[in-house]
Every structure is written in structure tokens, then in C-alpha cells.
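Residue numbers (our numbering), protein chains in the order written: chain A, 2 to 111; chain B, 1363 to 1477.
If you're looking for bench data, these hints aren't it; they were derived computationally from the structure.
On a predicted model such as this, the values are computed, not experimentally measured, just so you know.
Incorrect hints may have been included.
Said to hold, decoys possible - BS3-like mimics (lysine-lysine), calculated; alpha carbons at most 25 Å apart, straight line:
id, chain 1, residue 1, chain 2, residue 2
1, B, K1403, A, K110
2, B, K1403, A, K103
3, B, K1403, A, K3
4, A, K103, A, K3
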Amino acid sequence: QKEVEQNSGPLSVPEGAIASLNCTYSDRVSQSFFWYRQYSGKSPELIMSIYSNGDKEDGRFTAQLNKASQYVSLLIRDSQPSDSATYLCAAPGGQGNLIFGKGTKLSVKP
Amino acid sequence: GAVVSQHPSWVICKSGTSVKIECRSLDFQATTMFWYRQFPKQSLMLMATSNEGSKATYEQGVEKDKFLINHASLTLSTLTVTSAHPEDSSFYICSGRAPSSYEQYFGPGTRLTVT
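Okay, chain A solo, but in the shape it has when bound:
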């Protein structure tokens, strides 16, 4: 059974700080990983995809992938209160679907 694990949080950071969200996965052959953001009462929104080892930057977001350690992370620089949400990590499930972690709730305090 493929699994994606995340710390449920809540993770609380002050405004302007770096928020670091972590995810581990069980399937060594996974080649792509995804970060979704879900605001309370809303559906998930894809914010980052990463396919190769190393860092991928998009604005204030940086995804980091380490396939050897089966670890993927999301860094949010200069965190804003509007970043307060639940962040879901996902990896391919092998049947065309995605396996989602349970999500990490981030709270950015003004």
C-alpha cells in the first residue's frame, strides 16, 4: 500500500518567516510529486509540481525533492496570513490516481 505521510500540525509561523512543510512517501519509484493548498471550506488547488531531484522555485514557494530519502518539502518564504491553509502533499498511486497525505495545517500569525 503506497503511503504519503505528513505532519498534521498545526504549524504556526510569524508573518514574514519561512514556513517549512515536509512529506515522506513510501514508493521508491515515484517520479512526480505535487503540493496542493486547501483553504478552509474550499477545494484543493495545485500550487507546485516537482519531477526531479533538487529545488524548484516559483515565486515565494520552493519545492525540494530528495528521491534517495523519499522526502519532499515545500518552503514558503516571507509567509503571509493569506498563506494560512492546509497543505497537501501527493504522489502517484500507480493507477493514474494520486495518493494524498492528510495535510499540514499552516497558520501564519500577523
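Dock chain B against chain A, hints included.
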């Protein structure tokens, strides 16, 4: 990113009635669509995978006769909750998978309340 719409955004129905939820991919062809359910403060739960032109694949524990899924075209999938009961009240979310990718784009969700 690709856009997926859902209709209705919320619905209230009486126990024993049926409700249909539509999911459309607006700017891409989604050969595969997924239906999820999410209860308050809980994580996403995959209900079924829907492939265009074929029968849906349901996850363990999901009653296929109660949650009817139809994926008649590359841009439209529907979920019908038959004989709804209060315990079916939940947030139902669909997603479409981008061609040649694992990326899924979610619709805005449908909040169902069964009274």
C-alpha cells in the same frame, strides 16, 4: 492551470431523494476524473475513478449502487447520490487529470446537505 467547474455549488435535499452533481473540465480534455468526499476537518477521501466511456472504479467501502457515476464525454462526469440520507451530507469534490500527466485539477466542490 486547467479549470474544472462543478454544479451545483451547494444543494439541500430531503432524505430519500436523489441528487446529481456535474463536473466539467472547461479548457482541457479529462480522460480520467476523480470523485472525492470530505467531511469537516477530515482529509480527502477518494470515492471513485471515472474514465470516459467506461464504468467507474469504486474504492473499497463505497457503494456503487448508491453513488452512480457517469463519464459520457471527455469533459463531463456526473455523480448521482441516490436515496440520500443525512449521513451522506458532505463536501463532494471532483477533479480532472491533465492529459499525459498525474496532475489533477479540482472543481470548487459541492456541499450537500440532506435533511
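Practice task
Quickly compare the C-alpha distance for K103(A) and K3(A) to 25 Å and report which way the hint goes.
Solution key: Distance ~14 Å between K103(A) and K3(A) Cα, so the pair holds.
Problem - Agreement of K1403(B) and K103(A) with the hint, judged by alpha carbon distance not exceeding 25 Å - result: Measuring from Cα to Cα gives roughly 10 Å; hence the hint holds.
Practice task
Quickly compare the C-alpha distance for K1403(B) and K3(A) to 25 Å and report which way the hint goes.
Solution key: holds (23 Å)
Problem - Proposed proximity, K110(A) with K1403(B) (alpha carbon, max 25 Å) - result: holds (21 Å)
Comparing the model with each earlier hint shows no violations; every hint is respected.
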